[in-house]
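One line per chain: the protein sequences are A and B, in this order.
Everything in the first sequence is counted per our numbering, starting at 289 for the first residue and increasing by one.
Everything in the second sequence is counted per our numbering, starting at 190 for the first residue and increasing by one.
I should point out that these hints are in silico values taken from the structure, not numbers from a laboratory.
The beta carbon of each residue, even a glycine, is placed where N, CA and C say it ideally should be.
Check each hint, because a few of them may be wrong.
Far from chain A, by Cβ distances over 10 Å, these chain B residues were calculated [what the hints assert, rightly or not]:
#1 Asp247
#2 Asp323
#3 Val363
#4 Ala568
In silico contact screen, one side only, chain B against chain A (beta carbon under 10 Å); selected entries [what the hints assert, rightly or not]:
#5 Asp583
#6 Ala586
#7 Phe588
#8 Pro597
#9 Met604
#10 Phe608
#11 Ala610
#12 Ile613
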Amino acid sequence: MLEIRNLHASVDAREILTGVDLRVDAGEIHAIMGPNGSGKSTLAQVLAGHPAYAVTEGSIVYEGRDLFDMDPEERAQAGLFLAFQYPVAIRGITNAYFLRAAVNAVRKSQGLPELDPLDFLDVLQEKLKAIGWDDSFLNSPVNDGFSGGEKKRNEILQLAVLQPKLAILDETDSGLDIDALRTVAEAVNKLRTPQNATIVVTHYQRLLNYIVPDFVHVLVDGRIARSGGKELALELEARGYEWIRPEAVLG
Amino acid sequence: MTELADGATADPHARYLAEYRDMTEPSVRRGPAWLARIRAAAIAQFAEAGFPTTRQEDWRFTSVAPLTGLPFSLTHRHLAPHIGREHLGLFMPPGPGAAHAVFVNGRFTPGLSSVSGLPGGVKLGSLAEAVRSDAGGTVEAHLGRHALMERNPFTALATACWEDGAFLLVPRGVELEAPVQLLFLAAPGEGPAVSYPRTLIVAERGARVVVVETYAGLADRAYLTNAVTEIVAEDGAQVTCCRIQRESELAYHVAATQSHEGRDAAIASYSIAVGAALARHDVGAVLGGAGAQLTLNGLSVLHGRQHVDHHTTIDHAAPHCESHELFNGIVGDHARAVFTGRIIVRPGAQRTDSKQTNNNLLLSEEARADSQPQLEIHADDVKCTHGATLGPLDQAALFYLQSRGIAPADARALMTYGFGAQIIGTVPVPELRRQLDRLFRATLDRGARHPRLVP
Numbered sequence: 289m290l291e292i293r294n295l296h297a298s299v300d301a302r303e304i305l306t307g308v309d310l311r312v313d314a315g316e317i318h319a320i321m322g323p324n325g326s327g328k329s330t331l332a333q334v335l336a337g338h339p340a341y342a343v344t345e346g347s348i349v350y351e352g353r354d355l356f357d358m359d360p361e362e363r364a365q366a367g368l369f370l371a372f373q374y375p376v377a378i379r380g381i382t383n384a385y386f387l388r389a390a391v392n393a394v395r396k397s398q399g400l401p402e403l404d405p406l407d408f409l410d411v412l413q414e415k416l417k418a419i420g421w422d423d424s425f426l427n428s429p430v431n432d433g434f435s436g437g438e439k440k441r442n443e444i445l446q447l448a449v450l451q452p453k454l455a456i457l458d459e460t461d462s463g464l465d466i467d468a469l470r471t472v473a474e475a476v477n478k479l480r481t482p483q484n485a486t487i488v489v490t491h492y493q494r495l496l497n498y499i500v501p502d503f504v505h506v507l508v509d510g511r512i513a514r515s516g517g518k519e520l521a522l523e524l525e526a527r528g529y530e531w532i533r534p535e536a537v538l539g
Numbered sequence: 190m191t192e193l194a195d196g197a198t199a200d201p202h203a204r205y206l207a208e209y210r211d212m213t214e215p216s217v218r219r220g221p222a223w224l225a226r227i228r229a230a231a232i233a234q235f236a237e238a239g240f241p242t243t244r245q246e247d248w249r250f251t252s253v254a255p256l257t258g259l260p261f262s263l264t265h266r267h268l269a270p271h272i273g274r275e276h277l278g279l280f281m282p283p284g285p286g287a288a289h290a291v292f293v294n295g296r297f298t299p300g301l302s303s304v305s306g307l308p309g310g311v312k313l314g315s316l317a318e319a320v321r322s323d324a325g326g327t328v329e330a331h332l333g334r335h336a337l338m339e340r341n342p343f344t345a346l347a348t349a350c351w352e353d354g355a356f357l358l359v360p361r362g363v364e365l366e367a368p369v370q371l372l373f374l375a376a377p378g379e380g381p382a383v384s385y386p387r388t389l390i391v392a393e394r395g396a397r398v399v400v401v402e403t404y405a406g407l408a409d410r411a412y413l414t415n416a417v418t419e420i421v422a423e424d425g426a427q428v429t430c431c432r433i434q435r436e437s438e439l440a441y442h443v444a445a446t447q448s449h450e451g452r453d454a455a456i457a458s459y460s461i462a463v464g465a466a467l468a469r470h471d472v473g474a475v476l477g478g479a480g481a482q483l484t485l486n487g488l489s490v491l492h493g494r495q496h497v498d499h500h501t502t503i504d505h506a507a508p509h510c511e512s513h514e515l516f517n518g519i520v521g522d523h524a525r526a527v528f529t530g531r532i533i534v535r536p537g538a539q540r541t542d543s544k545q546t547n548n549n550l551l552l553s554e555e556a557r558a559d560s561q562p563q564l565e566i567h568a569d570d571v572k573c574t575h576g577a578t579l580g581p582l583d584q585a586a587l588f589y590l591q592s593r594g595i596a597p598a599d600a601r602a603l604m605t606y607g608f609g610a611q612i613i614g615t616v617p618v619p620e621l622r623r624q625l626d627r628l629f630r631a632t633l634d635r636g637a638r639h640p641r642l643v644p
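So here's chain A without its partners, still in its complex pose (with noise of 0.2 Å):
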């Protein structure tokens, strides 16, 4: 599904990622870990298409196509999902509002009719039921005034409604509480499918209890210095990520 090689990408002229190389096939769920700085958010963000990221170096081949001559949007409506380590407020818009726009601009590019307002509540309404939860903010502007959790529980909701091929987690857990992310962890379980994989990008080991990798990768100064199962999780969690540097080092 996704074939990233020695990918090189910098910011604002400063190089972050040195040479990815990643494999995710259907079905599969991977963890990238690594220490704050090591890149992982800017990884998520490249393959979400983020136009202040450079891409200097490799590539990347998503469902046989080059990431690369794709437009954000047009890596979303190939089934491609960036759920937001910082979730943007769209104002003046309602959640409900933006899904359906978001749901009919995939249904156009693959020459579906649109989804009227009441038919696209009922999947709405569907799509909630699966993940059991209720609709209560689908009338509150885009992230407008959410909290922290709530925002997180939104780019779910997306999640959950655009079913995706490829989903991309980043920092999900982060500024949420445990009943939070087991809630978030149950819906993106609920969701999982043998056609679809998930990446899940994170600090800590916490949300992997709840959404178990079958490989976990860890991200060392801009490349991935250690893969390993779900194991190398837990040993992370024991020892920090310090004692991955010297190998990166000799790797």
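Assemble the complex: chain A is given as a structure, and chain B must be docked to it using the hints.
Just chain B now, with coordinates in the frame of chain A:
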């Protein structure tokens, strides 16, 4: 005649004075003495003040030179415009049986109006007629007492020259559910026409009413509307007003709206300005009784070379009052939005709670917005906040929408819509919210479909 016209062009100020003399002899003398005195004082005020210039603080950002350069005259009005009810649908939502009063060139037009059958002794119709039959003295008590002619020469001119307009009286304790629509249509003739629609709305103690004022033109011409509206909410009254300014984009619109609230009264005002080449709207509100509340929200949506200036003055004259003011401007092409938000807290107006926000969205490099708060606080136990923003669409939000599959052009349209929806969404009456929303969407569509070719 030619001589007069030449002289007039040279001195616009004198031309209006001459027209006042022509029109008021002898009709003014036929009116009640109190009104004649007000008119005389008003024209004297205008004669002395003349038209404002940008050297005056209140007019720094708005030059009226384009307006004074044209020989606007009452004589240029279309005398017999053909207006059928079918025309009204453009400007009013089709509400079966809903009360509406239509004014053509400022004059009440009974044939296009539906003012009967209002409950509880509510009066709706011609202001000139109300002056004549002013049994309870309500008109005399309020007309010209709130919109002060000293504040603005245009208000003085309009106070001197008005012929007719709207009168709405909601008696004590009467609650009117359905919105009352007031529609002011300019029907210009061949030359540059002026009209002076005048409105007086009085909600007596404990009354409740929803009013919509719409200003529109029947022809794309350089006409001038100089409108004055006075709104009185007596103790415990609740007035919700919407104001729609959708004049021709070649027209000039100058207006003053002045409200006065008694104890525990509430006025909620929502205005949208999408028309006129040049518009200046002075909005004044006096919170004159303890516990009064005011919401003053506005939206301007401007394209081409439109210039719209909102000059608001909220006067906290009594303690324990609240005012919330939110004005948004969406400014495209070479257009310019001006906002002045003056807040006065009088001595003794303790526990005033006042919040003012002015946000401007600039859709082009050449678009311009000027925003200036003016706080004059003469009491110590008050909460007053103000804030203003100015800038293009938020790039972070644009990327966020793109990352959800929405193409940049659609994302920009969505965010622009959201910017205005922040104001329209605050309108508490669903049918009015829809009315404003339709106009707002149509205006955005027009701006997007026909980007103005401005040199």
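How the hints compare with the structure:
no.	hint	in the structure
1	Asp247	31 Å, holds
2	Asp323	44 Å, holds
3	Val363	33 Å, holds
4	Ala568	30 Å, holds
5	Asp583	7 Å, holds
6	Ala586	5 Å, holds
7	Phe588	6 Å, holds
8	Pro597	7 Å, holds
9	Met604	6 Å, holds
10	Phe608	6 Å, holds
11	Ala610	4 Å, holds
12	Ile613	8 Å, holds
Hint check: no violations occur; every hint is consistent with the structure.
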